[in-house]
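Asker: Residue numbers (our numbering), protein chains in the order written: chain A, 2 to 348; chain C, 23 to 175.
Heads up, some of the hints might be wrong.
For lysine-lysine, the following DSS-like pairs were computed, each having C-alpha atoms within a straight-line distance of at most 27 Å [unchecked claim]:
#, chain 1, residue 1, chain 2, residue 2
1, A, K197, A, K93
2, C, K40, A, K179
3, C, K40, A, K259
4, A, K55, C, K40
5, C, K120, A, K164
6, A, K236, A, K259
7, A, K105, A, K259
8, A, K259, C, K131
9, C, K40, A, K197
10, A, K164, C, K36
Hints were generated in silico from the structure; no laboratory data involved.
Only a predicted model underlies this, so the values are computations on that prediction, with no experimental measurement involved.
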Amino acid sequence: MPNVLDIRRRIRSVVNTRQITKAMKMVSAAKLRRSQERALAARPYAQMLTAVLKSLVSRAEIYDPESGEPRHPLLAQRGENNILLIVVTGDKGLAGAFNTNILKAATRFLESKAGKNVEIEAIGRKGRDFLRRRFAVAESRKADSQQPPHIVIVGERIGVLNKVEYAMAAEVGELVIKRYSDGEIDSVYLVYNEFKSVIAQRLVVEQVLPIKQIGTAEVLQAEQLSEKERKQAVKAAESAGVGMRRTDRADSDMESAKFGSATVDYIYEQPPEELFNGLLPKYVDIQVFRALLESVAAEHAARMTAMEAATNNATDMIDSLTLVMNRARQAKITKEIIEIVSGAAAL
Amino acid sequence: MAETFQVEIVTPEKLVVKDSAEEMQIPGKNGYLGILPGHAPLITELAVGEISYRNGGHTQHLAVAWGFAEVLPDRVTILAETAERPDEIDIQRAQQAKQRAEQEFKEGKTETDFTRAESDLQRAETRLEVAGKKSSSPSTAGSGSASPSRAHS
Numbered sequence: 002m003p004n005v006l007d008i009r010r011r012i013r014s015v016v017n018t019r020q021i022t023k024a025m026k027m028v029s030a031a032k033l034r035r036s037q038e039r040a041l042a043a044r045p046y047a048q049m050l051t052a053v054l055k056s057l058v059s060r061a062e063i064y065d066p067e068s069g070e071p072r073h074p075l076l077a078q079r080g081e082n083n084i085l086l087i088v089v090t091g092d093k094g095l096a097g098a099f100n101t102n103i104l105k106a107a108t109r110f111l112e113s114k115a116g117k118n119v120e121i122e123a124i125g126r127k128g129r130d131f132l133r134r135r136f137a138v139a140e141s142r143k144a145d146s147q148q149p150p151h152i153v154i155v156g157e158r159i160g161v162l163n164k165v166e167y168a169m170a171a172e173v174g175e176l177v178i179k180r181y182s183d184g185e186i187d188s189v190y191l192v193y194n195e196f197k198s199v200i201a202q203r204l205v206v207e208q209v210l211p212i213k214q215i216g217t218a219e220v221l222q223a224e225q226l227s228e229k230e231r232k233q234a235v236k237a238a239e240s241a242g243v244g245m246r247r248t249d250r251a252d253s254d255m256e257s258a259k260f261g262s263a264t265v266d267y268i269y270e271q272p273p274e275e276l277f278n279g280l281l282p283k284y285v286d287i288q289v290f291r292a293l294l295e296s297v298a299a300e301h302a303a304r305m306t307a308m309e310a311a312t313n314n315a316t317d318m319i320d321s322l323t324l325v326m327n328r329a330r331q332a333k334i335t336k337e338i339i340e341i342v343s344g345a346a347a348l
Numbered sequence: 023m024a025e026t027f028q029v030e031i032v033t034p035e036k037l038v039v040k041d042s043a044e045e046m047q048i049p050g051k052n053g054y055l056g057i058l059p060g061h062a063p064l065i066t067e068l069a070v071g072e073i074s075y076r077n078g079g080h081t082q083h084l085a086v087a088w089g090f091a092e093v094l095p096d097r098v099t100i101l102a103e104t105a106e107r108p109d110e111i112d113i114q115r116a117q118q119a120k121q122r123a124e125q126e127f128k129e130g131k132t133e134t135d136f137t138r139a140e141s142d143l144q145r146a147e148t149r150l151e152v153a154g155k156k157s158s159s160p161s162t163a164g165s166g167s168a169s170p171s172r173a174h175s
């Protein structure tokens with residue numbers, strides 16, 4: 002039988018842990034709220050950009066009338082040999098299966114593209130660490146096969162997720178566009194956790210380049226939350242007071258979607274083709290930016306849910322430890338009484 | 023009450039301005055454009071420069087770097103990568119950026135170096151210029167100690 006003092010010490014330590022996880026949950030909830038707002042604030046711009054691009058498509062001669070080939074390099078499809086994959090994870094752990102799931106999806110994607118050269122751009126510390134460990138192996142394996150499809154990490158960005166700035170996303174966007182236009186890479190994909198609301202989350206692999214259709218993301222893999230995960234997330238959100246509204250509310254979107262596409266004859270200060278070419282790169286930038294914002298929101302939501310679960314587990318543990326402690330105390334008292342009684346009987 | 027039109031300035035980070043204006047100036051790629059209510063529908067790319075609009079005697083200034091504008095008879099919507107009000111501009115940083123750009127301009131070797139330095143310089147100068155112009159009303163115009171831009175609305 003463990004002694005009472007030891008159990009009491011353990012209970013105290015679990016209580017402390019519970020306090021920490023509870024605090025972390027509240028902090029994540031606050032951060033989630035903020036990142037949801039930021040994602041919401043980015044919507045009008047993205048919507049307007051999409052709307053004006055769509056309307057320009059019909060006016061500008063985007064496609065060559067003779068060959069039917071798109072004129073803009075970012076729209077051109079070509080054989081896929083060199084792929085760039087942008088993996089967006091979190092910088093920190095303690096967020097349940099958040100990082101693991103993303104990396105699993107990334108791994109699956111890499112398997113599906115086996116035989117091609119893949120370059121990886123890692124955003125977030127967790128993803129970087131994982132990929133670095135892994136692709137040292139991939140490179141050593143390369144030596145024994147003759148035509149090695151190789152996977153290399155070309156870039157990493159760490160510590161940028163604390164405060165996602167558009168300038169950073171634009172930097173990634175520009176880099177990607179440049180390498181794509183130079184023909185160094187043939188397609189660009191993003192793996193991240195899409196976040197529309199606490200209950201509407203998906204793990205997606207999205208094609209960024211070449212742009213197939215403006216306004217609709219080309220999703221290759223998608224994975225919804227399981228029913229159990231969703232229930233947990235809802236419970237955590239409710240207890241932390243985080244709203245469950247979606248970040249893509251219809252009313253503001255409708256308003257923004259009118260931008261640049263009214264049914265009037267616009268005067269184009271520049272030829273539509275030129276406008277289109279100027280705007281298209283921004284479309285890539287904003288896609289990256291949106292992915293980052295949503296991923297950050299999803300990370301906080303995942304951490305909030307994980308910490309809620311941890312807090313509940315700690316409570317259960319305290320209850321069962323208290324029970325054990327009471328029993329031990331009772332046993333000790335009983336033992337003492339027996340000793341006294343038998344001592345008295347011996348007299 | 024003079025005739026007005028709606029003004030909206032949106033950046034990827036937030037909705038910067040939602041206001042009404044009597045007249046407006048925007049830095050089109052091919053030169054500044056003046057806009058009054060009832061302007062013909064127009065779409066243009068914006069260059070680095072200064073947006074200013076007048077509303078009830080107050081003139082607001084904003085610095086923009088690359089943007090896109092849609093003008094309709096009753097509204098002007100601007101998509102900009104950055105749009106900063108004078109009180110949001112970090113003057114020291116802009117000055118440093120200016121110096122850096124000037125330095126690069128002197129030391130630059132290739133064509134791209136020059137163009138980059140030039141656009142950096144332009145951005146920094148626009149920022150500084152706008153920062154010097156706080157929102158001004160006719161009575162205090164030019165005094166330099168005009169009311170901050172949020173005072174009136």
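Asker: Within a Cα-Cα threshold of 27 Å, do C/K120 and A/K164 meet the stated pairing?
Answerer: holds (26 Å)
Asker: Quick one, are C/K40 and A/K197 close enough, alpha carbons at most 27 Å?
Answerer: holds (25 Å)
Asker: Run the distance test for A/K236 versus A/K259: straight-line Cα separation, threshold 27 Å.
Answerer: violated (37 Å)
Asker: For A/K55 and C/K40, compute the direct alpha-carbon distance and say whether it is at most 27 Å.
Answerer: With a Cα-Cα distance of about 24 Å, the restraint between A/K55 and C/K40 holds, given a limit of 27 Å.
Asker: Starting from C/K40, check that the Cα of A/K259 is at most 27 Å away, please.
Answerer: holds (16 Å)
Asker: Next pair to validate is A/K197 with A/K93; report whether the Cα-Cα distance is within 27 Å.
Answerer: Holds, at roughly 21 Å.
Asker: Under the criterion that the straight-line Cα-Cα distance not exceed 27 Å, is the pair A/K164, C/K36 satisfied?
Answerer: Distance of about 14 Å is within 27 Å: holds.
Asker: Straight-line Cα separation of C/K40 and A/K179 no greater than 27 Å?
Answerer: violated (35 Å)
Asker: Would you check the hint for A/K259 and C/K131, treating anything up to 27 Å between C-alpha atoms as holding?
Answerer: violated (45 Å)
Asker: Hint check: A/K105 vs A/K259, CA-CA at most 27 Å. Holds or violated?
Answerer: Between A/K105 and A/K259 the Cα gap is close to 39 Å, so the pair fails against 27 Å, i.e. violated.
Checked against the numbered hints above, the structure breaks hints 2, 6, 7 and 8 and satisfies the rest.
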